[in-house]
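K.L.:
Line by line, the protein sequences are chains A and B. In terms of my numbering, the first sequence opens at residue 111 and continues consecutively. In terms of my numbering, the second sequence opens at residue 7 and continues consecutively.
If you are wondering where the hints come from, they were derived from the structure by calculation, not from laboratory data. One thing to keep in mind: the hints can contain errors.
[As the list claims (entries may be wrong)] In silico contact screen, one side only, chain B against chain A (beta carbon under 7 Å); selected entries:
#, residue
1, Asn-38
2, Arg-48
3, Gly-49
4, Leu-50
5, Tyr-55
6, Leu-96
7, Thr-106
8, Ile-107
9, Phe-109
10, Gly-110
11, Glu-111
12, Gly-112
Idealized CB from N, CA, C, for every residue including glycine.
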Amino acid sequence: AQSVAQPEDQVNVAEGNPLTVKCTYSVSGNPYLFWYVQYPNRGLQFLLKYITGDNLVKGSYGFEAEFNKSQTSFHLKKPSALVSDSALYFCAVRDPNFNKFYFGSGTKLNVKP
Amino acid sequence: SQTIHQWPATLVQPVGSPLSLECTVEGTSNPNLYWYRQAAGRGLQLLFYSVGIGQISSEVPQNLSASRPQDRQFILSSKKLLLSDSGFYLCAHQGEPGNTIYFGEGSWLTVV
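Chain B extracted, bound-state conformation:
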């Protein structure tokens, strides 16, 4: 079966510090991968999605970037965090058979 892991689960970082959130998927190959941000416990905003190694599409201009160095690894990064980057970040993969996406447990980021 497919599983998705995200870490760290919680993170408190000062303004201006770098960020790295990691997501890995097991039990599937060449998955489509997604990063979402959920602010204030409500709506989800699609940040990035990837259809393969090194292929990243950005949905909104922002202070964040994403990378996919390996088939089942998706990383969300920032060089300098802003207060507005605080939120709940969710990684998701499109499972087999197609169509449905499945989420990790999320990472809480608080920028102070």
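If we strip away everything but chain A, and leave its shape as in the complex, we get:
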């Protein structure tokens, strides 16, 4: 079965500092991995994905994620956090056999001025 885990309920970072939101995965076969962001009372917005190729994936709003096969991780990163980055972030994995997507429990990112 495919699954992802987000070990941190909350991440606090000061504006201007780098941020990392962690995600580990468990999949059979090649992983299809995704990051989404959710602002209060809104739907999820797609940030970036890893399907194949370069392990460093760049996405929207200056975010990037690094795929690490040996550590089964797909951490979300940004070199310099903004207060407006404060939101709920979800890691997801796609089960290619059934075209279903499974989400982690979410990590709340708080960026303080």
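Given chain A's structure and the hints, the job is docking chain B onto it.
P.N.:
Quick look at chain B alone, frame taken from chain A:
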């Protein structure tokens, strides 16, 4: 471009009443469609997904059902709501080119 619409945005229903949440997609044909529920503002639970008209797969046994009467229409229903059905319901479609899913703005359901 593809867009996804969900309505109503908010709904307050008494226990035992029926439910109908609707989702439609524009700008694509034969999309894969999904219903998720988000409880307490955190994790997403996959409820149903559909690969075509009349084809519905249920992920968890529950008080809800889904239907796909048209190619780009996905409906979440219940005959009798329970308090535990309260939550934030999200419709999603798998866009073109493949792999990524995109979400609607969600529907808040409060059962009282």
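K.L.:
Run the structure past the numbered hints and jot down the numbers of the failing ones, going up.
P.N.:
none
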